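Protein chains: 2
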Amino acid sequence: MNSNMEKPYVVGIDIGGTNSVFGIVDARGTIIASGSVKTQAYSTVEEYVDEVCKNLLPLIISQGGVEKIKGIGIGAPNGNYYSGTIEFAPNLPWKGIIPLAAMFEERLGIPTALTNDANAAAVGEMTYGAARGMKDFIMITLGTGVGSGIVINGQMVYGHDGFAGELGHVIVRRGTGRMCGCGRKGCLETYCSATGVARTARELLAARTDASLLRNISAENITSKDVYDAAVQGDKLAQEIFEFTGTLLGEALADFIAFSSPEAIVLFGGLAKSGDYIMKPIHKAMEDNLLNIYKGKTKLLVSELKDSDAAVLGASALAWELKDM
Amino acid sequence: MNSNMEKPYVVGIDIGGTNSVFGIVDARGTIIASGSVKTQAYSTVEEYVDEVCKNLLPLIISQGGVEKIKGIGIGAPNGNYYSGTIEFAPNLPWKGIIPLAAMFEERLGIPTALTNDANAAAVGEMTYGAARGMKDFIMITLGTGVGSGIVINGQMVYGHDGFAGELGHVIVRRGTGRMCGCGRKGCLETYCSATGVARTARELLAARTDASLLRNISAENITSKDVYDAAVQGDKLAQEIFEFTGTLLGEALADFIAFSSPEAIVLFGGLAKSGDYIMKPIHKAMEDNLLNIYKGKTKLLVSELKDSDAAVLGASALAWELKDM
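So the protein lines, in turn, are chains W and Z.
The letter at position 13 of the first sequence is residue 13 when you use my numbering, and the numbering goes up by one with no holes.
The letter at position 196 of the second sequence is residue 196 when you use my numbering, and the numbering goes up by one with no holes.
Take the hints with a grain of salt, since some may be wrong.
When chains are identical, the list treats them as one kind, so a pair holds in a single copy or across two.
Below 27 Å or equal to it, Euclidean Cα-Cα: the simulated DSSO-like pairs (lysine-lysine) are [to be verified]: (1) Lys297 with Lys185; (2) Lys295 with Lys185; (3) Lys95 with Lys295; (4) Lys185 with Lys38; (5) Lys284 with Lys38; (6) Lys95 with Lys135.
Hints were generated in silico from the structure; no laboratory data involved.
Since we're looking at a predicted model, the values are computed, not measured.
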């Protein structure tokens, strides 16, 4: 993976709406030191970067100093790989276009790459996880939203502007679909994210009268975790919610396969860990909806990275590709 | 494009269901000699290849012989780039898996590459046409069916199995869609191909009673050309057919952009030449349905290659990438 023994480590920084987590990672994907700061606690990005550096630098020094670090990789919402900027991220406190990669490079003197969270997850999976050795795969992250990172011919797909791979915003129910946070209707993520699952639960509970454990929870508080717990206890309605969610996702995956014919689709996030309740309908709908030439060829995999580590590992993996400054 | 003056030419062979056309092409995309044979006239592929070689070899010799030819590129239905084979092509007389590239290499001693027609069109557009210099674009061919060729990071997307890029078979009307020749329902090509336009005409004429020039033609004989001619004469129903077709295609293109964020989408084929009748609704529906970050960024272009030359040029362009044997 990295034969440069002079610089045996990379740094991964995952910037979330609540927490920013960072870690020093070796070539095998072990996080050997880590820390975090609250993203929202710093009203200017300068203060934020200063605080991250203040916490990160001691970790770097304890591993032998800046000269041991090959690069820094950052995963951030609305991250643009080409420019190293975060652009108009709705969930971050800093508005406009933020040249975050350049700011870290300047302060620490370490080459820095940045991309969005789902792309970072895909690079992480290719470097340390379920997609090791694959040249063509699609990563789908099932979280609060649905994100994606696409790898073709062994390269991340960034598109002409750095923003490729927003498969959570492909329209799966045209005209009649659910309102999405992006302002359009029927996006995949309104159905197949954790919030989409909760939304389906509320809709089904309101539209029907059959018994369900989910009726013990007030509708506005239902989470996808509640639906999973009910499904495990044999709740038919909860199981039907996963069936519905998985079927929609599988149908969408069949269309994605017609685009890039990947070796595998790798699912990441809490929903992907809901076992057969969701994986069986995804797989069935995917195969049922594939064009004949694609049937039975594309693997459906679950991420091999631990949830708690995946974001930092993904971000760090970006840094192995960097050239020295 | 090609600085190897020792081998200044390539050969392009386009294999269609009816005719096979071949030509010798220079680095500027000029077809300097060409010929054709009837594809269906040869019941074995050996006879077919012999006949093509018999017609092609004199052309090659007149340009200085085999040593002047850098390579042969073949565009063929169900062509697989990785294996150089045609696999189970329903419209060709030879069944099963045909190792066509190897057969030409053996007979002529010239390196040979093969891919499907739409991919060849994309390589042609990138080498000689509207996509010159572009690293990220999507080619959509609007003919009897709808084909596509996708270029990302300057490379054709073949996928893990050689069959990527079947965007004509993305589902645009789920559940309620038209029956497709592929056995599924609601594929893009059932609406946005030339046959899809004729189908829309028949449906609208049957469902409605308003006057139309198209009522002068017996329903089963209506072609997309008839619809175009009527639209030019101010026929409202014909114009509405293009509006409907363009809207569906534009919606689909917006989803394709969310995948690879291309610099341009290049449309090829008769329908793409229907001017504003189709281009305006395509462009409007595409922009209306794009996620905000993509709006106004992707060009919608029409192929710059002449219809009659495009297939041979596209196939020939593949050959510039070949290594010497």
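The hints, checked one at a time:
1. Lys297 with Lys185: This pair counts as between: shortest inter-copy Cα distance 21 Å, intra-copy 32 Å.
2. Lys295 with Lys185: For lysine 295 and lysine 185, only the inter-copy Cα distance (16 Å) is at most 27 Å; the intra-copy one is 30 Å.
3. Lys95 with Lys295: between (45 Å within a copy, 20 Å between copies)
4. Lys185 with Lys38: neither (33 Å within a copy, 49 Å between copies)
5. Lys284 with Lys38: Neither. Shortest intra-copy (41 Å) and inter-copy (43 Å) distances fail the 27 Å Cα cut-off.
6. Lys95 with Lys135: Neither: 36 Å inside a chain and 31 Å across chains, both beyond 27 Å.
Comparing the model with each numbered hint stated earlier shows that hints 4, 5, 6 do not hold.
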